[in-house]
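What follows is each chain in one-letter form.
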Amino acid sequence: MEDEGGAKESWEPKIIGFFCNWCSYAGADLAGTSRIQYPTTIRIIKVMCSGRVNPQFVLKAFQEGADGVLVSGCHPGDCHYIEGNYHARRKLTLMEDLLEFTGVDPSRFQMSWVSASEGQKFAEVVTEFTERIKKLGPQTKLSGGEG
Amino acid sequence: MTDYKALEKQIQDQARQWLESGEVKYVIGFEKGDNSPVCRPVFIYKPEDAGKLAWGPLCNNNLTKYLVEEVQIKPKKGEEPDLRPVGIVVKPCDSKTIVELMKENIVPRERVKIIGVISEGTINPKALDKALKDVPLDKIAGIQILDGGDNFTIKYDGEPLSVPKDELLNGKCKVCVVHNPVVYDIFVGDKVTQIDKDEFEDIADLEAMSDEERYEYWKEQLSKCIRCYACRDTCPLCYCEECVFDRTKPYNWNEKTVDLPENFFYHMVRAMHLAGRCVDCGGCERVCPMDIPIRKLNRFLLKRAKERFKVVPGINVEDKAMFGDYDIDDPGEGIK
Amino acid sequence: MKIGVYVCECGTNISGTVDVADVAEYAKSLPNVAVSKYYKYMCSDPGQLLIKDDIKELGLTHVVVASCSPRMHEPTFRTVVEEAGMNAYCFEMANIREHCSWAHMHEKFKATEKAKDLVKMSVAKAALLEPLEKKQVPVTPAALVIGGGIAGIQTALEIAESGFKTYLVESTPSIGGRMAQLDKTFPTMDCSACILTPKMVDVARHPNIELLTYSEVTGIDGYIGNFTVTVKKKARYVDIEKCVGCGLCAEACRLKDRVDDEFNENLGKRSAIYVPFPQAVPLKYTIDPEKCIFLKTGKCGDSPPCVGACAADAINHQQEDEIIELDVGTIVVATGFDLYDPSQKPEYGYGKIKNVITGMEFERLVSASGPTEGHIEINGKEPEKVVFIQCVGSRDKEGNEYCSRVCCMYTAKHAHLVRDKIPGAEVIVYNTDVRAYGKGFEEFYVRVMDEGVKYLRRELDDQIEVVENGDKAIVKAEGHPDIEADLVVLATAIEQKKDIADISKVLKISRGADNFFLEIHPKLRPMDTATSGIFLGGCCQGPKDIPDTVAQASGAAAKATIPLAQGKIDLDPQTSFVIENNCAGCGLCVEACPYSAIELMDGKAEVNEALCRGCGLCSATCRSGAIQLKGLTDHQLISMIKSSLSEVF
Amino acid sequence: MASIINKDKVAELVKKVSSSGCEVFGPVENGGVTLFRNLDGGIPSDFTNSKKPPKEVLFPQTETMFDFEIDGSKITALVEPVEAQTPILMLGVRPCDARAIQVLDALFTWDYIDPYYVNKRDRATIIGFSCTEPHMPLQSCFCTSVGGSPSSKDGLDMLWTDIGDRYLVESFTDKGNKILETGGNLFANAAKDDEKKTEDVKKLAESKIVRKLDTEGIEKALEATFDHEYWDEFARRCLGCGECTLLCPTCHCFDINDVITRGKGKRERTWDSCQYPYYTIHASGHNPRPDKKHRQRNRVYHKFLYSNKNLDMLGCVGCGRCISTCPVNIDIIEVVEGAKEAAK
Ligand SMILES: Cc1cc2nc3c(=O)[nH]c(=O)nc-3n(C[C@H](O)[C@H](O)[C@H](O)COP(=O)(O)OP(=O)(O)OC[C@H]3O[C@@H](n4cnc5c(N)ncnc54)[C@H](O)[C@@H]3O)c2cc1C
Ligand SMILES: Cc1cc2nc3c(=O)[nH]c(=O)nc-3n(C[C@H](O)[C@H](O)[C@H](O)COP(=O)(O)OP(=O)(O)OC[C@H]3O[C@@H](n4cnc5c(N)ncnc54)[C@H](O)[C@@H]3O)c2cc1C
Ligand code: SF4
Ligand code: SF4
Ligand code: SF4
Ligand code: SF4
Ligand code: SF4
Ligand code: SF4
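Residue numbers (this note's numbering), protein chains in the order written: chain A, 1 to 147; chain B, 148 to 483; chain C, 484 to 1132; chain D, 1133 to 1476.
To be clear, the hints were calculated from the coordinates, so they are not data collected in a lab. Be aware that one or more of the hints could be misleading.
A short, non-exhaustive set of chain A residues, derived as facing chain C with CB atoms under 10 Å [said to hold, decoys possible]:
| no. | residue |
| --- | --- |
| 1 | W11 |
| 2 | N21 |
| 3 | Y25 |
| 4 | A26 |
| 5 | A31 |
| 6 | Y38 |
| 7 | V47 |
| 8 | E64 |
| 9 | C74 |
| 10 | A116 |
| 11 | Q120 |
| 12 | S143 |
Quick reminder that beta carbons are idealized off the backbone N, C-alpha and C, glycines included.
Looking at chain A on its own, in the form it has when it is part of the complex (with noise of 0.2 Å):
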């Protein structure tokens, strides 16, 4: 579909990643490369290891308005170093108990693992993903705003 004049449609989810250099940004490298196409949505943040996102990141940027959160990394035993993504397991499982638990949208938030060969799959995780919050609409509960 051509969308040449776009700008009217109707509201867009914004979406932040956190991916991880080794597995989940090369996944995402690769779903370009095979020319999958996915939703425009999502604004992804290169990070080393997807044990460098702290809670506060995601938190943060629900504050700043985003609709989405999406934290990626490499299958567990997979880690580029060892051990981050299990790290990055443990912290976010308990923040995301945190936002059910106050009630903040938990489904906002998602983590997933994608290898460096899981192109399609990324592709399918992000779409999914502004799939279910479009439903949700605009997240307002952190950032206050209108969005």
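Position chains B, C and D with the ligands against the provided structure of chain A, taking the given hints into account.
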């Protein structure tokens, strides 16, 4: 039933002995104020002042905050630091804090001599205030409280009051399962038999709510927060040299604005910082001027940390820090 | 501060979807941007020149290139800006090709908007980038090779040949590895021992090689150029200085011919004092502590006969393990592989039916130096009908998903050997596509078929079952008539070493989903691990045949030699650092760091920059943000978050 | 001439006033604490006092001064003149807090006229409620020692006193009379008996104030003890949490910040506290009040010395909030008495 007077005597004697021998630099304990029934922190430097040390169910503060201050103070240039241990009076929950502080390399064991006192619960001053409604205002400062089993007996020069414990106890004491100090040099009191109960019953109602209801709940509560940061300032585990919430250079983690998003951010981040560490001493909630049930956040994470990662803080110095460690079998059910 | 933004058209790869002119124009409005241009191929010589000229003429302090993935060209552009006199670390890339134009080819408007956002984020980050200095550390001119299979042997010889001291640590009593167990090697069918043993001898004789057999690496400290390795030399109970390898002791041993011989896949027997095989290097005897009666009970008859038999007085039951430390600059891991245990799949009957053996067992059976001296026999009889089953434990959703790469060929080899040794024998191979991709492989496979070996195809998940029938085994394969065979040979998968968790923990190198050690890049850096200074050779990185093993081993040797030859190495300056005033000394980062790169010194965390790999885990863990990762600080990340979510900057 | 209003008529009054275009604030129970919030009905008659002082209506904890726009490297401030808008009614202000507003009035018009405060203040009508149960938790009120009383009319446009099922209403200003006018027949003339009752209630309340501070000689004592080690003594236990100041009805320190979120900028001011170490830190890193004792001393000096000198009124109105809230029972009466003792 606790005989507060007897415990008080033992505390005083021990403190006096340590101060006389010079084994400790000073003793951090509680004293009874002149104008309030509630006890307050005191620092005893001389053996002859040991008699000021008080003990009772109104000894609420977690004094280990001052221990952190003591070890963090850098000696002035050219001054030989006095590295003698400091004596401190702790309740069981406060002693758990010391375990965490030792675990986290903040308080070396040799810098502290611990008078560990058993406790079957302390009284919430706000609840006490309600109970004293009919006591003449000028008598309030002088009341005496005795342990009467299921009741507290409040004595003053009128008809003594008997108030069910449940009405007066601090919330944290109602759910506490550790009634004996876990680390101490001197154990004061008779060992209390541990009780077995659902320690997280107090958050069950919140957990049962829908996300939306919980959000509304927290919205109401957190909108009250004036971000005085007293909850942080009183927490012995908030010992950071510079708290992220005070940082303005080169960036601020949160704005000074006092509004709902910033308040949420503050509370969620602090909860994360205390996750797997909070020993539920209740300090934060007690000092909150706006009566925000901060402990519920901490306790929820405490519960999840236990369920998910088998982490229980404040018990064993050898345990690894929750976020310094991981297990390959940690759950991650929501991960795609 | 002056930032230059360069938007690449990438031919039409980017400009076909993204309006690069619009993006470049937009970039001009961003704070601190002094110049913004677009060009056909930013990475080409003229493109590079464009950037260099601007840096020099306009005095740019930071450069942002919006083009392809930084995983592709970041090093290129870093070098470009450096050549123009700018600090390489003040450079940032926005990925508007892989993450944008190629992924949103039908949404030109939105793709352009996204490209602008990506540029904005990069500019925001770039503005906060600070110049970093590369540090150099001297290199200890010695290498360690772990594992003495063909890979380790090849690597050790090549490093040693370059003139550097090389330690070769092998956990078993002899080097040689799996190749020593093989009879002939496909596709040329030369005798394995004939090509391997001369190399083994070279190792033993090489003046630059110090061979440490029956030894294990128990600890590694330090970092590239400066590793300190702890090696445990296990007690052999034989003084290898004195032992002349005559074997009189083994003859005398009370357990002679009573101990299972693992070299022969337990098909033969040995003594409790043994050499694994006659051509072992070093040819020194070792007492098996698990079996030796004296070592187990403190008594062996009146006196141990081996001691009496040894003319060289070499036996010493009191010997103890010895711990030594080695200083080396680089390390090559060549720990090889293990084989899939087919008894995990009961349908094959392995372990229950005598007629069912593995390929490796077949190698020993067919080997002239094996327990049957090369006669293929089962239950004392020469088989007349032999069935080979491929892909046992490979390409299997429940077992290993990967292809073991050598089984097709060694099965062809085995089939050929059966036909060679038992001319009348009927040979059937159950296979699922034969993968004969190597040089000379297809030719070999065709030749084996021409020899009369019957290849039957079955789908991987077709049922197959082997059942016992007297002294025969019946192979029931779905879609095929049952075959009553005398011998069934299973081509079992190549797997990572069973005890690999230990060694991977010691070495701090990561493994992939297949459990093999993970290379940094499967194509461009197949021998590099994520830990600089540690390289991979042979099957520990993935299944390989001997030619590939040797090729990779030589590559690893070359890689490991480069730092030794340079004498000093640059450290990546993108490490973590501690803001001392903010550090409370809680030690959380120390616990979290996977590389033990942080220590508490006087109540403050201190980073060893040479050990730090720049993962940033510490930084995400520290509550007060006292430890930060250069080039990826909290501040930089927050500004990326903020800029990505705001309409304007 | 005094009037009365029945308690069950208050809600109606609020509605009437609101519909006349006035914004009404009053004590509202909010998640367990009483705060000054928009009032859309009656007000509780049994509240002691609001947790946060009503000053927040006139001087909110966070207040946007102006917005600015950022476009690339260009920043444009969108300063708009502060214009009078709707009138404000503050209902249920305790006399101590009303006296505190007088301190703020003086402060915000002292050397510089603060448009944000003054604008709101000019619009505000303040209706006080006499205290009948002056009982901050664990008895900490001491208004009578610092020039006030549970029924002081200082700073008020009206004073209402609870006499059972009705309030006795006294109006002192035009603004107060305006309310009477708007209320119309919701108010009735007070009977002699009502007035008598009011007098009794007021007297009884005054007798209930048991905490006393002798202000005699405070200024001298403070001046004499600036460097006294006395300040160490109790400051050691202070947590520096700042509750004492943030909740103080006369405290007025604020911090100005530029906040940029989601691309939009605003300049805000937010309450600050002299109890925070960051409060006085200089850009150089030097901090003239490095220790808790300096900061505690500043609080006391400000209330009992500087305020007198600069504004000619005490900076403490005896509401008792700091005493009842301080987590470590630092009691400003004891502190001041102690300073006097130390000066001897
Ligand atoms: C049945 C079979 C038949 C084959 N036939 C052929 C063929 O005909 N042609 C061909 O090209 N390829 C063949 N191969 C493949 C060939 O065996 C491998 O390519 C080759 O052996 C790989 O060598 P390597 O050095 O990587 O591993 P290995 O031979 O396994 O050597 C690893 C060495 O490291 C040692 N080691 C392991 N862990 C440690 C440790 N922690 N510390 C110290 N030392 C350690 C081991 O003891 C061993 O000596 C065959 C494989 C099989 C299974
Ligand atoms: C259709 C196709 C698809 C492929 N896809 C993949 C893939 O997806 N993944 C993958 O891993 N591999 C793939 N390959 C394999 C990959 O292309 C090769 O492995 C790789 O290119 C080999 O590189 P090379 O340097 O050996 O040879 P080449 O790329 O051929 O380079 C040799 C160079 O030497 C120059 N040259 C030749 N003779 C002389 C001379 N006499 N003097 C000077 N210069 C000379 C040539 O001009 C050339 O530049 C693919 C191959 C093909 C054909
Ligand atoms: S103590 Fe209460 S009001 Fe103060 S910051 Fe903490 S939660 Fe907020
Ligand atoms: S809130 Fe967090 S950063 Fe602040 S002091 Fe507590 S632990 Fe440290
Ligand atoms: S968070 Fe609260 S309950 Fe937990 S240790 Fe700190 S002060 Fe105590
Ligand atoms: S985690 Fe942070 S505060 Fe703790 S030691 Fe490390 S750098 Fe210091
Ligand atoms: S970035 Fe931190 S955690 Fe990672 S290797 Fe370096 S010091 Fe260790
Ligand atoms: S409320 Fe108490 S502890 Fe907090 S700053 Fe004031 S005096 Fe100190």
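Going down the list of hints, with the structure as the test:
Interface hint status for W11 (chain A): violated, as the beta-carbon distance to the closest one in chain C is roughly 13 Å, over 10 Å. Hint status for N21 (chain A) relative to chain C: holds, with the closest Cβ pair at about 7 Å, below 10 Å. A least Cβ separation of about 7 Å between Y25 (chain A) and chain C falls short of the 10 Å threshold, and the interface hint therefore holds. The closest approach between the C-beta of A26 (chain A) and any C-beta of chain C is roughly 6 Å, which is under the 10 Å cut-off, so the hint is satisfied.
Restraint check, A31 (chain A) versus chain C: the minimum CB separation of about 6 Å is within 10 Å; hint holds. Hint status for Y38 (chain A): holds, given a least beta-carbon distance of 6 Å to chain C, under 10 Å. Checking V47 (chain A) against chain C: minimum C-beta separation of about 6 Å stays under 10 Å; hint holds. A least Cβ separation of about 4 Å between E64 (chain A) and chain C falls short of the 10 Å threshold, and the interface hint therefore holds.
A distance limit of 10 Å between C-beta atoms decides the matter here; for C74 (chain A) the minimum to chain C is near 9 Å, and the interface restraint holds. Hint status for A116 (chain A) relative to chain C: holds, with the closest Cβ pair at about 8 Å, below 10 Å. With 10 Å as the threshold, the beta carbon of Q120 (chain A) stays out of range of chain C, its nearest partner Cβ sitting at about 12 Å, so the hint is violated. Interface restraint check: S143 (chain A) against chain C, minimum CB-CB distance 9 Å, threshold 10 Å, status holds.
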